[in-house]
Amino acid sequence: MVAHEERTPVDPRIRVDVRLLDRLMNLVGELVLARNQLLQNASSSPDNALVSTCQRLNLITTELQEGVMKTRMQPIENVWNRFPRVVRDLSQLCGKAVKLEMEGASTELDKTIIEAIGDPLTHLVRNSVDHGIETPEQRAAAGKQASGTLRLRAYHEGGRVNIEISDDGRGIDAERVKSRALERGLITPERAHALLPHEVHGLLFLPGFSTAEKVTNISGRGVGLDVVKSNIERLGGSVDIDSQFGRGTTFRIRIPLTLAIIPALVVGAHGERFAIPQVNLVELLRLDVEQVKTAIERIHGVPVYRLRGNLLPLVELGSVLELGPERAPRDVNMIVLQADERQFGLLVDDIFDTEEIVVKPLGRELKGLSTYAGATIMGDGKVALILDVVGLAERAGVAAAERQIARESVDRSVVRSADTQLLLLFRSGASSRMAIPLESVARLEEFSRARVEHVGGDDVVQYRGEILPLVYLSEVFGEARAENDTLQVLVHSHGNRHVGLVVDAIEDVIEQELTATRRGGRAGTLGSAVIQGRVTEILDAEAVRGLVGG
Amino acid sequence: MSVTTTSQLCTFTVDDLFFGVEVTKVQEVLRFQPMTRVPLAPGMISGLINLRGQIVTAVDLRACLGLAPRGDGEPPMNVVIRGSESSVSLLVDTIGDVIEVSSDSFEPPPSTMRAAHRHMIASICKLPRQLLLVLIPERVLLLTQASETAGRAAGSAR
Numbered sequence: 001m002v003a004h005e006e007r008t009p010v011d012p013r014i015r016v017d018v019r020l021l022d023r024l025m026n027l028v029g030e031l032v033l034a035r036n037q038l039l040q041n042a043s044s045s046p047d048n049a050l051v052s053t054c055q056r057l058n059l060i061t062t063e064l065q066e067g068v069m070k071t072r073m074q075p076i077e078n079v080w081n082r083f084p085r086v087v088r089d090l091s092q093l094c095g096k097a098v099k100l101e102m103e104g105a106s107t108e109l110d111k112t113i114i115e116a117i118g119d120p121l122t123h124l125v126r127n128s129v130d131h132g133i134e135t136p137e138q139r140a141a142a143g144k145q146a147s148g149t150l151r152l153r154a155y156h157e158g159g160r161v162n163i164e165i166s167d168d169g170r171g172i173d174a175e176r177v178k179s180r181a182l183e184r185g186l187i188t189p190e191r192a193h194a195l196l197p198h199e200v201h202g203l204l205f206l207p208g209f210s211t212a213e214k215v216t217n218i219s220g221r222g223v224g225l226d227v228v229k230s231n232i233e234r235l236g237g238s239v240d241i242d243s244q245f246g247r248g249t250t251f252r253i254r255i256p257l258t259l260a261i262i263p264a265l266v267v268g269a270h271g272e273r274f275a276i277p278q279v280n281l282v283e284l285l286r287l288d289v290e291q292v293k294t295a296i297e298r299i300h301g302v303p304v305y306r307l308r309g310n311l312l313p314l315v316e317l318g319s320v321l322e323l324g325p326e327r328a329p330r331d332v333n334m335i336v337l338q339a340d341e342r343q344f345g346l347l348v349d350d351i352f353d354t355e356e357i358v359v360k361p362l363g364r365e366l367k368g369l370s371t372y373a374g375a376t377i378m379g380d381g382k383v384a385l386i387l388d389v390v391g392l393a394e395r396a397g398v399a400a401a402e403r404q405i406a407r408e409s410v411d412r413s414v415v416r417s418a419d420t421q422l423l424l425l426f427r428s429g430a431s432s433r434m435a436i437p438l439e440s441v442a443r444l445e446e447f448s449r450a451r452v453e454h455v456g457g458d459d460v461v462q463y464r465g466e467i468l469p470l471v472y473l474s475e476v477f478g479e480a481r482a483e484n485d486t487l488q489v490l491v492h493s494h495g496n497r498h499v500g501l502v503v504d505a506i507e508d509v510i511e512q513e514l515t516a517t518r519r520g521g522r523a524g525t526l527g528s529a530v531i532q533g534r535v536t537e538i539l540d541a542e543a544v545r546g547l548v549g550g
Numbered sequence: 551m552s553v554t555t556t557s558q559l560c561t562f563t564v565d566d567l568f569f570g571v572e573v574t575k576v577q578e579v580l581r582f583q584p585m586t587r588v589p590l591a592p593g594m595i596s597g598l599i600n601l602r603g604q605i606v607t608a609v610d611l612r613a614c615l616g617l618a619p620r621g622d623g624e625p626p627m628n629v630v631i632r633g634s635e636s637s638v639s640l641l642v643d644t645i646g647d648v649i650e651v652s653s654d655s656f657e658p659p660p661s662t663m664r665a666a667h668r669h670m671i672a673s674i675c676k677l678p679r680q681l682l683l684v685l686i687p688e689r690v691l692l693l694t695q696a697s698e699t700a701g702r703a704a705g706s707a708r
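If you're matching them up, the sequences are chains A and B in order. So for the first sequence, the numbering used here puts the first residue at 1; every next one is plus one. So for the second sequence, the numbering used here puts the first residue at 551; every next one is plus one.
Treat the hints with caution; some may be incorrect.
Claimed, not checked - The list that follows gives simulated cross-link-like pairs (lysine-lysine, DSS-like), each with its CA atoms no further than 30 Å apart:
id: 1; chain 1: A; residue 1: Lys382; chain 2: A; residue 2: Lys70
id: 2; chain 1: A; residue 1: Lys382; chain 2: B; residue 2: Lys575
id: 3; chain 1: A; residue 1: Lys367; chain 2: B; residue 2: Lys575
What the hints assert, rightly or not - Short derived list, chain B residues pointing at chain A, Cβ under 10 Å:
id: 4; residue: Ala591
id: 5; residue: Pro592
id: 6; residue: Asn600
id: 7; residue: Arg602
id: 8; residue: Thr607
id: 9; residue: Glu635
id: 10; residue: Ser636
Unchecked claim - Residues from chain B that keep clear of chain A, each with C-beta distances beyond 10 Å, as calculated:
id: 11; residue: Thr554
id: 12; residue: Asp565
id: 13; residue: Leu567
id: 14; residue: Val588
id: 15; residue: Pro589
id: 16; residue: Val606
id: 17; residue: Ala613
id: 18; residue: Asp622
id: 19; residue: Gly646
id: 20; residue: Val648
id: 21; residue: Ser655
id: 22; residue: Glu657
id: 23; residue: Leu677
id: 24; residue: Leu681
These aren't lab readings, by the way, just hints derived from the structure by calculation. Just so it is clear, CB atoms sit at the ideal spot from N, CA and C, and this is done for glycine as well.
Between the sequences and the hints, there should be enough to build the whole structure, so can you do that?
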């Protein structure tokens, strides 16, 4: 031993076959399982020595697991070390002077991610040199240093790794991006008008987009930023652009540290368990049988749910995966999931727990099934499939990403245009759905029936030191008055006089362009409009007041 | 002129058929293992098995050969085949002995067998009391993959 220590120090590293590390990883996974089972059995044992040994085993296993995980980590330098050459060659080719700066090259990522991130990063670097940074003459004209700077930065943040690629080049010309998107028919003129700056940047990620005047053999190789984006998203990451015209552009990539162990939500449907990667999760909702019957509406047989005013397409896990026959309505759990740009609600029977799961690939025989991202072994030793949310959305036919973006922008532009209004949706009478412009409602109140007094054949309540006459809308429209214990009242004001419009239930407040059609409009209404896919009567509060002589 | 060699075969039965697979290709033989079914997968894939931390796809040979499904009270045995990337388990009815056969007892499968099935058989070995079908496990997997691809094509054409 002594003789060894006196030798000249050698490289403290050794080369290890990756397959050996993978095998170690598997064995540690097994050890974790065995540990879990042992802990379960030991917890009920009266033998204290056994219990304390188990606890020690527990600690050692956890540390071993972390240690083996670390052996798979590699510094991002391994990808970055090719960039000085890429940038030098490319800048010479384009006649540009580019200085490359790197920060955080020792930031570590799992081997699989390091391997997969190389191509998208290279694409972005080439893109920055080719499109971002100007020629020395252009830079001089803009009052900048002759040589441009390309900065790569990597750092850990909240269990993820951020990678930034920023240049001090010409930045993104929002107008040119818009006109190019229009040319390519990617967006409509109305939509182009309404886009916010960051949404304009988002257009760059649409398939088929390129602002390059001519296709160069450098970055315009027909492979667009959309591919970069989808490659990064496949790793469970995200990418966004921050750009100031004339000042420079920053691409910011956020990726998980590892793909080997991910946090996931374990759910159940038809007695089977599935894991959903946490990155796709937006929120969870529980609906009981009654809510399932009422809150889940169907548009031509397709179930949807109104989530804070937006229609959310619903997908039942059991039917997408053809797990079994359709069943009678029952309590369900809804998981709102984000896949690319689309959002949808997944209906499952049970939600079990969130767990750190070890992702294992499926065999070659099953690679073709896009609905699964892999499989994992649960605490009880059984195998559970990991759902691929994007694949699932595709299988269920949830609207393609682009259409979704289009729809959202349309929604937003509508909000901004002058003829949109905030509408209050409510129910009056048994089935009739009505809306009233929110601006003609001063307040929403709830009165208990006991507070209602009768004066000269009219119902009134004392309200803020005044007498508020009540108008039962269902009566106005010739239906029976609902005998609820509490009255839902819309207080409508004209001048300094108020009238309380009694409705059966207040449903929602939405923003919508109001184009009522006179046809079929009853007295007291402005007509009907299609709101959220349902025909809705628009109440004319003034007219109602006239009808009851208020 | 032919040189007689011998090979060792791991044998098993499926329905009334007697099969053999070269022992070098067999990783291990297991009793019935609990399986997790894979929704949307082709019918011949019975599920996934946890084999000491390795996830192994179980392929039902009965389904591959177009035979009637196994009865409820007859749990299948697993013949785990070593693959280049991952292992696959063939579900069979019963496990037999490892036998040694000489190459001169081999004959090609009869041309009257269904092509899809004949494709999986390397040769027929004439044992004194019965015939042994020497299976090519890779071909079984190939067939599984092919049917899976076909299934997907049909699915997307809908």
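Consistency of the hints with the structure:
Restraint check for lysine 382 (chain A) and lysine 70 (chain A): satisfied, since their Cα atoms lie roughly 26 Å apart, inside the 30 Å limit. Straight-line distance between C-alpha atoms of lysine 382 (chain A) and lysine 575 (chain B) comes to about 26 Å, which keeps the hinted pair within the 30 Å bound. In summary, the hint linking lysine 367 (chain A) to lysine 575 (chain B) is supported, as the alpha carbons are separated by about 22 Å, within the 30 Å threshold. Against a cut-off of 10 Å between C-beta atoms, the interface hint on alanine 591 (chain B) holds, since the closest Cβ of chain A lies about 6 Å away.
Of the supplied interface hints, the one on proline 592 (chain B) holds, with its beta-carbon coming within about 8 Å of a beta-carbon of chain A, less than 10 Å. This hint holds: asparagine 600 (chain B) has a C-beta 5 Å from the nearest C-beta of chain A, less than the 10 Å allowed. Satisfaction of the interface hint for arginine 602 (chain B) is found here, the shortest Cβ-Cβ separation to chain A being roughly 6 Å, below the 10 Å cut-off. Interface restraint check: threonine 607 (chain B) against chain A, minimum CB-CB distance 4 Å, threshold 10 Å, status holds.
With its C-beta approaching chain A no nearer than about 6 Å, glutamate 635 (chain B) sits inside the 10 Å limit, and its interface hint holds. A cut of 10 Å between beta carbons decides the hint on serine 636 (chain B): the least distance to chain A is about 5 Å, and the hint holds. Against chain A, the non-interface label of threonine 554 (chain B) holds: every CB pair exceeds 10 Å, the least being about 36 Å. Every CB of chain A is more than 10 Å from the CB of aspartate 565 (chain B) (nearest about 22 Å), matching its label as outside the interface.
Distance check for leucine 567 (chain B) against chain A: the nearest CB is about 22 Å away, which clears 10 Å, and the non-interface claim stands. Remark: the non-interface label on valine 588 (chain B) conflicts with the geometry, its nearest Cβ contact in chain A lying 6 Å away (cut-off 10 Å). In this structure proline 589 (chain B) is not separated from chain A by more than 10 Å, as the shortest Cβ-Cβ distance comes to only about 4 Å. Against chain A, the non-interface label of valine 606 (chain B) is violated: not every CB pair exceeds 10 Å, the least being about 7 Å.
In this structure alanine 613 (chain B) is separated from chain A by more than 10 Å, as the shortest Cβ-Cβ distance comes to about 13 Å. Non-interface status of aspartate 622 (chain B) relative to chain A is upheld: no Cβ of that chain comes within 10 Å, the nearest being about 18 Å off. Chain A leaves glycine 646 (chain B) outside its interface by the beta-carbon criterion, the shortest separation being 25 Å against a cut-off of 10 Å. For valine 648 (chain B), the condition that its CB be more than 10 Å from all CB atoms of chain A holds, with the nearest at approximately 26 Å.
Against the 10 Å criterion, serine 655 (chain B) stays outside the reach of chain A, whose nearest CB is about 32 Å from its own CB. Non-interface status of glutamate 657 (chain B) relative to chain A is upheld: no Cβ of that chain comes within 10 Å, the nearest being about 30 Å off. For leucine 677 (chain B), the non-interface assignment is confirmed: its Cβ lies about 31 Å from the closest Cβ of chain A, beyond the 10 Å cut-off. The Cβ of leucine 681 (chain B) lies farther than 10 Å from every Cβ of chain A, with a closest approach of about 29 Å, so its non-interface assignment holds.
In terms of the numbered hints stated before, the structure departs from hints 14, 15 and 16, listed from lowest to highest.
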